[in-house]
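*Asks:* Read off the chains here:
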Amino acid sequence: MTLIHDLTAGLPAGAVTIDRVDTMLYAHDASDFVGRTGAVCFPETTEQVCHVVRTCAKHDVPFVARGSGTGLAGGATPLDGAVVIVLTRMNRILEIDPINRMAWVEPGVLNLDLTRGVEQSDDLFGLHFAPDPSSQQSCTIGGNVANNSGGPHCLADGVTSAHVLACEVVLSDGSIVLLGSEGSEDDGLDLRGAFVGSEGMFGIATKICVRLTQNPPHVRTMLLDFESVRAGADTVGAIIAAGIVPAALEMMDKLCLQAVEAYIHAGLPVDAAAVLLVEVTGLPHQVEAEADLIARIGREKGARHVRVAQDEAERALLWKGRKTAFGAIARIKPNYYLHDTVVPRGALPEVLDRIYEIARRHELLVLNVFHAGDGNLHPLLVFDRREPGVLDRVHAAGEEIVRVSVEAGGVLSGEHGIGLEKKDFMPLLFDDHDLSAQIAVRHAFDPIGLANPRKVLPSPAACGDLRHVPEGAWI
Amino acid sequence: MDLSGLDPIIEAIRSGVSVGVRGTRSRTVPITGVQPDTWVGAPVGVIDFQPDEMTVRVRAGTSIAELSSELGTRGQFVHGIDSGVGTVGGALACGRSGLHRLGRGSIRDVALEVRLIDHRGNLVKAGGPTVKNVSGFDLCRLFVGSFGVLGFAHEFVLRTRPRPLAECWFVAPVSEAEEVARIQRGFYRPSSILWDGREVHLCLTGHPSDIDAQIAGSRFSWQPVGAPEVPTDWRQGTVRPADVASIVEREAGRVIAQVGTGTIHRPGPSARREEQPERRGIVHRLLAEFNPRRLLNPHVDTESL
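Heads up: the sequence lines are chains A and B, in that order.
Mapping the first sequence onto the working numbering, position 84 (from 1) lands on 756, and the numbers just tick up by one.
Mapping the second sequence onto the working numbering, position 235 (from 1) lands on 755, and the numbers just tick up by one.
Isolated chain A (complex conformation) (with noise of 0.2 Å):
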């Protein structure tokens, strides 16, 4: 039997597909690298995936799972002719318990449809989920259980890891594990922290129990700007230092802010060399104390204006311009690629005067809007790639870039991922000792190496899959 037919017989009809325009939209993710689809699936159960992942492994046939394919570091591009297991059906809110704040969901639910909800539960401030990417409209709870995702708002209440209880988890032998509790506090080994973040390739995740939050009674947000970036990022450093951590704060540099408003029209300071957007949140007197404090230590460092949002529209005009900001880049250039480095805070200023400097020397423009509070750096490099040599030119820029910031003390991402993107430069990070733990690890999970395989592991590491080369094979 085909693996096409195999996979067809325990799937509803139209659930396979390998025509060739479908094989093609889903060889790839938002990132640029471009993969070979085997088929594409579209299960609506746990009992499904479970079917597809058995087929997978009685062919010998690796398999990658996908939501809305916003990931940008390319984990879910399918390589080898894999089989592309789209979870996009299985987008039902299962449970809501408001009052200890959880929630059980399908993978494909959209983050936002999350938020939306659970905001009217029976709870006096309203729930949301924290975990906020830009791209929260349309990526997905299991995406961003994969990935780890993080988001402006996670600096106060931590990444995805931290707002996820338990996984129901299918293996690549096709068994189903429960990975974590409702109750998460239980002695041993924390599996489902390990498995959040692992890309795909410790298994599917088919449910997710998520911790729910609740909604700040009150919000200030507030724009400060500089003449010069660094004093922005001393800005940052001040902020955290006096025992503030603001639920979010973000930097813009000038030739962000100049595309924005070029945009959406807020009435930025299209003069000043960057922009800090700050928001303290929580009850009042603790909201209004930090805000008089963070605007004091922003005059301290040089702030021309402190602009405080006077009501939610000028709130979310404010917030609108953070997070269209990669929108309004087409202005200048038809094509960007996006980093994602952290550095430690202190490191901020001399890291953002390379950045500049090594952009210039490779002929891009670069643009900065970034999770200051958490040093997560998102330089975009915009250019246009008709031009010729330009990508060589973006590529080995970006790369730079890595390097930089590794040197600095930081690490290669902070919420976007290794998957194809980074895995060579893991070593910048990791030696053979560190490498092979996490190899082990992966083996552990995945013992016959067909979930989404050759992400995250440099190349020569994912040597190590060859460890479980199956019997009478040649190597």
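Please keep in mind that the hints were generated in silico from the structure rather than gathered at the bench.
All values derive from a computational prediction rather than experimental measurement.
Cross-link-like lysine to aspartate or glutamate pairs, in silico, EDC-like; alpha carbons within 20 Å at most:
id, chain 1, residue 1, chain 2, residue 2
1, B, K645, A, D1103
2, A, K879, B, E794
3, A, K973, B, D572
4, B, K645, A, E1079
5, B, K645, A, D1104
6, A, K926, A, D943
We have chain A; now place chain B onto it with these hints.
*Replies:* Using the frame of chain A, we list chain B on its own:
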């Protein structure tokens, strides 16, 4: 990296005998009858506290008191490792979040980087020093709470946080589960809600005026009280948070529940989790990879993992 203090541990592991690691023996772990051939202790000392980064690099054998004192100079602390006896390594090896799990989250979220010695005596690093990081698999969360059977952690980078302006405990007589639910719904992000079937202890943190306003607006008769303590000979277990009400009503006075998290404290040994063969399979494969001859902490009962 300063490797002082590691040589005896590496030597012991490489000698091929079974090795146990211990700090002040202040925490209970599930044990077997087996004793290690030799014991080692972790190195001590706070290496680098960066208040502007809200991180601290600390050796595993450092006492909780020393770490708390150092961080306290800048008004910061590490959740789950901020009070009590024992060592930093011991607290993280056991992975218990304490009474503030509801408001502050899990202790498994505080370890940003873990450096350990593996079963071959090699130095291994997991995670990284920044407060946000998805570079590779999240081994830190796996090592926290592993009772030292996946390797001996000797150094951590931990996430610190500012101490709240105020932290106040209150107590009120509450015997009905519906009333407890009303408290859960009506207070903004409380740090802890404890219920024994007769009284609720509530911990609020933040600006003193906000705390006063929340208490004043509540229909319960709250009285200020000191931080409660769970009897030291009681053991911690976990249930579904939705089942807490029925358990506490049934066992009133003989149980303390951390409402909203499902953590239950009772006298005597805690019940074992309902085990699934698929989960055990992963655990066994992890042990086969990280502790193949069971020479690391052989006294720990790995069936409890």
